[in-house]
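Asker: Chain residues, written in single-letter form:
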Amino acid sequence: MTQADGGRVRALLRSGDKVLRRWVEAAEEPLRGRLTTGELGRTCSDLLSVLVEATDGGLDVRTDAYAGARGFLTELSRDWARRGFSPTETASAVFALKDALFAAADEDGDGDLATVLEASRWVDALGLVTFESFARAREQVISEQAEQLLELTTPVVKLWEGVVAVPLIGTLDSARTQIVMEKLLQTLVDTGSEHAIIDITGVPAVDTEVAQHLLKTVVAARLMGAECTISGIRPQIAQTIVTLGIEFGDITTKSTLADALLHAMRGTGVEVVRRAGSR
Amino acid sequence: MERVPVLSLGDALLVSIQIDLQDNTVLALQEDLAERIVSTGARGVLIDISAVDIVDSFIGRMFASIAALSRLLDAETVVVGMRPAVAITLVELGLSLAGVRTALDVERGMKILRALSDRREVRQADEADADLVPVAEGGGPAAGA
Amino acid sequence: MTTSTGVEELPIRTGDDVVRVRQLVRARAQEVRLSLVDQTKLVTAASELARNTLVHGGSGTATVETLSRDGRSGIRAVFADEGPGIPDVDQALTPGWTSGSGLGLGLSGARKLVDEFAIDTAVGRGTTVTVVKWTR
Ligand SMILES: Nc1ncnc2c1ncn2[C@@H]1O[C@H](COP(=O)(O)OP(=O)(O)O)[C@@H](O)[C@H]1O
Ligand SMILES: [Mg+2]
Numbered sequence: 001m002t003q004a005d006g007g008r009v010r011a012l013l014r015s016g017d018k019v020l021r022r023w024v025e026a027a028e029e030p031l032r033g034r035l036t037t038g039e040l041g042r043t044c045s046d047l048l049s050v051l052v053e054a055t056d057g058g059l060d061v062r063t064d065a066y067a068g069a070r071g072f073l074t075e076l077s078r079d080w081a082r083r084g085f086s087p088t089e090t091a092s093a094v095f096a097l098k099d100a101l102f103a104a105a106d107e108d109g110d111g112d113l114a115t116v117l118e119a120s121r122w123v124d125a126l127g128l129v130t131f132e133s134f135a136r137a138r139e140q141v142i143s144e145q146a147e148q149l150l151e152l153t154t155p156v157v158k159l160w161e162g163v164v165a166v167p168l169i170g171t172l173d174s175a176r177t178q179i180v181m182e183k184l185l186q187t188l189v190d191t192g193s194e195h196a197i198i199d200i201t202g203v204p205a206v207d208t209e210v211a212q213h214l215l216k217t218v219v220a221a222r223l224m225g226a227e228c229t230i231s232g233i234r235p236q237i238a239q240t241i242v243t244l245g246i247e248f249g250d251i252t253t254k255s256t257l258a259d260a261l262l263h264a265m266r267g268t269g270v271e272v273v274r275r276a277g278s279r
Numbered sequence: 001m002e003r004v005p006v007l008s009l010g011d012a013l014l015v016s017i018q019i020d021l022q023d024n025t026v027l028a029l030q031e032d033l034a035e036r037i038v039s040t041g042a043r044g045v046l047i048d049i050s051a052v053d054i055v056d057s058f059i060g061r062m063f064a065s066i067a068a069l070s071r072l073l074d075a076e077t078v079v080v081g082m083r084p085a086v087a088i089t090l091v092e093l094g095l096s097l098a099g100v101r102t103a104l105d106v107e108r109g110m111k112i113l114r115a116l117s118d119r120r121e122v123r124q125a126d127e128a129d130a131d132l133v134p135v136a137e138g139g140g141p142a143a144g145a
Numbered sequence: 001m002t003t004s005t006g007v008e009e010l011p012i013r014t015g016d017d018v019v020r021v022r023q024l025v026r027a028r029a030q031e032v033r034l035s036l037v038d039q040t041k042l043v044t045a046a047s048e049l050a051r052n053t054l055v056h057g058g059s060g061t062a063t064v065e066t067l068s069r070d071g072r073s074g075i076r077a078v079f080a081d082e083g084p085g086i087p088d089v090d091q092a093l094t095p096g097w098t099s100g101s102g103l104g105l106g107l108s109g110a111r112k113l114v115d116e117f118a119i120d121t122a123v124g125r126g127t128t129v130t131v132v133k134w135t136r
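Residue numbers (the working numbering), protein chains in the order written: chain A, 1 to 279; chain B, 1 to 145; chain C, 1 to 136.
Next comes chain A alone, as it looks inside the complex (with noise of 0.2 Å):
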């Protein structure tokens, strides 16, 4: 590794405006229009001299000195991943800053081998850090959106005061159905709903432990003090149910959703009565 101080790096990002405008001008072609000039220069100028800063301590990415500048890195990458930019394109915008140094070099007259080697080392160091935090912020960014794909197909909604339901549609694997019911159990807590509903008119067949994890749901919502109803069994699902000898024992179930929110209603004490004179 090099031993340098980095005195001669810190000397050409200081000097002048020349190098952030040089900058922008490279990082802008990469970018094709994706920020607005403004906001590009208005970027770069904060990096610029969080960098100036950070070389005080040398020129090694790694230690403490360059604690702000990989923060200011980390959240850039994070945001431009989430905005749809490439790595690529990200990563560009850092590299373009080679050449605004390179070209200062020239100018100054000092663009020996050894101050451009350097300084291209340096920034090539920052492209890194960039390039590992994009890495991590779309992998976040990612499972981010698996969770809300998930929370998509599976919302659970509040149906009357008191009383939520979550209608599962679709083929469900153990692990969606664990999540889906953690979920539910922690909505009657954060909304004091004493009723659950769960309907599946919506779900073609179930497994063993498919089954019995709705089964489970049932007793826990029990145990938290709250009664779990089953809506919607298809004739398909009650024939496993039978077949597999899980007992589903004292468990309320209903035919339609309509009926389970009619059953979980009387239960909170509403009584549901056609007006004389409506068919």
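If you are wondering where the hints come from, they were derived from the structure by calculation, not from laboratory data.
Here are the simulated DSS-like cross-link-like pairs (lysine-lysine), alpha carbons at most 25 Å apart as the crow flies:
1. Lys216(A) with Lys183(A)
2. Lys216(A) with Lys254(A)
3. Lys183(A) with Lys254(A)
4. Lys254(A) with Lys158(A)
5. Lys158(A) with Lys216(A)
6. Lys112(C) with Lys183(A)
7. Lys111(B) with Lys158(A)
8. Lys158(A) with Lys183(A)
9. Lys216(A) with Lys112(C)
Residues from chain A shown here face chain B by an in silico Cβ test under 7 Å; the list is partial:
10. Ala220
11. Met224
12. Gly225
The beta-carbon is built from N, C-alpha and C at its ideal position, and this holds for glycine as well.
Guided by the hints, dock chains B and C with the ligands onto chain A, whose structure is given.
Answerer: Chains B and C with the ligands only, in chain A's frame:
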């Protein structure tokens, strides 16, 4: 060993578990409750476990035991505030706490205890009425309270 | 390949030690970001096994470490004693079976609450139960 405090609230005893329960604490609480039910004539016991982050088979058994022994002493027990993660774990463990009444929170637990004690009063009033010669005007004193 | 870091050992000699084992397992499970439900399952299993070490084994130790394999993290907890050992492991693992006055749900329950479970026991020499829970 830390002890769990037992508070008197009207004709109910209130236990709010705020500490990590070790086995001796659990046993001591069970004993304390039995004594306090008798000495105060309490008709209800409310155990708030909303701050409890794990319930294993030993602690779970305590709830069942307290419910059973309070029933022997003519009192009702309600366990309130069990967290979802704790409930899921207990079910997995194989404990369903049959015979233990539960409620979402303290307020609802108190409501259950009140409803039970109202029913008890109506029943007692009915029994008392039965001893009297029936008169035309009905309605025990506690009816509709 | 599985790598292990941060090995910590606690004695199990009193009921308070059992509480300390729970707290340690909880802290380590939070560190590797097990989901809340998985944390609760692991801590509950640890509580059952630490109690068995104390009650049936006389006394012993709990060793907790963080594992990492293929980008997943996990917690391993090992409960070891030099007590009487378990003569019939299958029987001991039967839900509801107890040699004493317990509920007989500790060993069988702990097994259901974790991802990996192993018992190493010999009559007269002692018992070691190892459990692992991985992040999802
Ligand atoms: N560490 C141990 N040493 C000796 N025997 C054990 C140990 N752990 C469990 N056992 C045996 O296995 C049985 C079942 O254990 P468990 O399911 O925890 O039930 P419990 O502790 O309630 O009896 C115990 O009753 C005991 O005989
Ligand atoms: Mg045990």
